[in-house]
Amino acid sequence: MTEPEIEVSEDLVRALLREQHPDLADRPLSEVAGGWGNQMWRLGDDLAVRVQRMDTSPGPQLKERRWLPVLAARLPLPIPTPVRDGSPSARLPKMWTVMTWVPGTPLDQTAITRGDHAADVLAAFLQALHVPAPPEAPGASDFGTHPRDSRDGFERFLGAVDLDAFGFAAGDIRAVWDEAAATPPWPGPRVWVHGDLHPANVVVADGTLAGVVDFGALFAGDPAWDIAAAWLLLPDGGASRFFDRYPPVDEATVRRARGLAAMKCLFLMLMGQNGERGRPGGKPNWGPAGRSALQRVLRSQA
Numbered sequence: 509m510t511e512p513e514i515e516v517s518e519d520l521v522r523a524l525l526r527e528q529h530p531d532l533a534d535r536p537l538s539e540v541a542g543g544w545g546n547q548m549w550r551l552g553d554d555l556a557v558r559v560q561r562m563d564t565s566p567g568p569q570l571k572e573r574r575w576l577p578v579l580a581a582r583l584p585l586p587i588p589t590p591v592r593d594g595s596p597s598a599r600l601p602k603m604w605t606v607m608t609w610v611p612g613t614p615l616d617q618t619a620i621t622r623g624d625h626a627a628d629v630l631a632a633f634l635q636a637l638h639v640p641a642p643p644e645a646p647g648a649s650d651f652g653t654h655p656r657d658s659r660d661g662f663e664r665f666l667g668a669v670d671l672d673a674f675g676f677a678a679g680d681i682r683a684v685w686d687e688a689a690a691t692p693p694w695p696g697p698r699v700w701v702h703g704d705l706h707p708a709n710v711v712v713a714d715g716t717l718a719g720v721v722d723f724g725a726l727f728a729g730d731p732a733w734d735i736a737a738a739w740l741l742l743p744d745g746g747a748s749r750f751f752d753r754y755p756p757v758d759e760a761t762v763r764r765a766r767g768l769a770a771m772k773c774l775f776l777m778l779m780g781q782n783g784e785r786g787r788p789g790g791k792p793n794w795g796p797a798g799r800s801a802l803q804r805v806l807r808s809q810a
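Going left to right, the sequence shown walks through residues 509 to 810 as our numbering numbers them.
Cβ pair distances, simulated, as ranges: (1) ALA598 / GLY715: 44 to 50 Å; (2) ARG787 / ARG574: 32 to 38 Å; (3) ASP624 / ASP672: 33 to 39 Å; (4) SER649 / GLY696: 16 to 22 Å; (5) GLU539 / PRO796: 19 to 25 Å; (6) ASP650 / SER517: 26 to 32 Å; (7) ARG561 / ARG664: 18 to 24 Å; (8) VAL639 / ALA678: 33 to 39 Å; (9) THR618 / PRO788: 24 to 30 Å; (10) ASP660 / SER597: 35 to 41 Å; (11) ALA677 / PRO792: 22 to 28 Å; (12) ASP686 / GLN803: 17 to 23 Å.
Since the hints were derived computationally from the structure, they do not count as laboratory data.
Where is the CB? At the ideal position from N, CA and C, for every residue including glycine.
All chains should be modelled from the sequences, with the hints used to inform the complete structure.
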């Protein structure tokens, strides 16, 4: 049996816990819907087991283990932090980690109803996160590059999504991307960046943002990758309020953020399209989130 064929079941996760962390093995255990790079299992009320799924490298989980405890203490929203390390074994040759559980409902399964509050919370969270990172912090990989260096991915998403079915013009989207690709590089210091903020990676409670999860893309570099969340996460009007409260950034950074938001919208739409067509790994509920966010991107200059 090859590694991708291994089914990570409740029995297997419990067996792993008994083998490596027996004091946690008798807690209630239930699979959490969603997840792409990793599969999540809730463990009791306050913990979760995070198991590699599509991620083929242990790097993202090792990065989270190393840096999330450093970041968590100064962030105004809860984030998952590692509690126990799980090692690859004969039972499962994959990386797994026991993390703290972040309460709330993923945004791709609910809606923000307190838009102004959510914009304020997002601005405060990103201001706290976007501080200069130490020299040893991880750099950009697939996440974090300048838009001009990500054009192949953008064009792949643009060509794969059935835009006509939802009334989007490829030329309008490409114009936003071209503006982003024409900007100069981020001129500031390398700051901490989540890198993959989209509706499945934040949780909502009481109608507003309540936590941020999945830091597997964490890097030090251009904050535009996170500022794109102003369009991806917030309802109509939220981006303008966000930029009023986030520390001032130059116009080029806003243009890069808007272009990156457009690319992320296409990714969400593609995953939704795959889900609607029954393709493996598809996420049907990501499609509506991506489409509504793309409408905000195309209507807004900030």
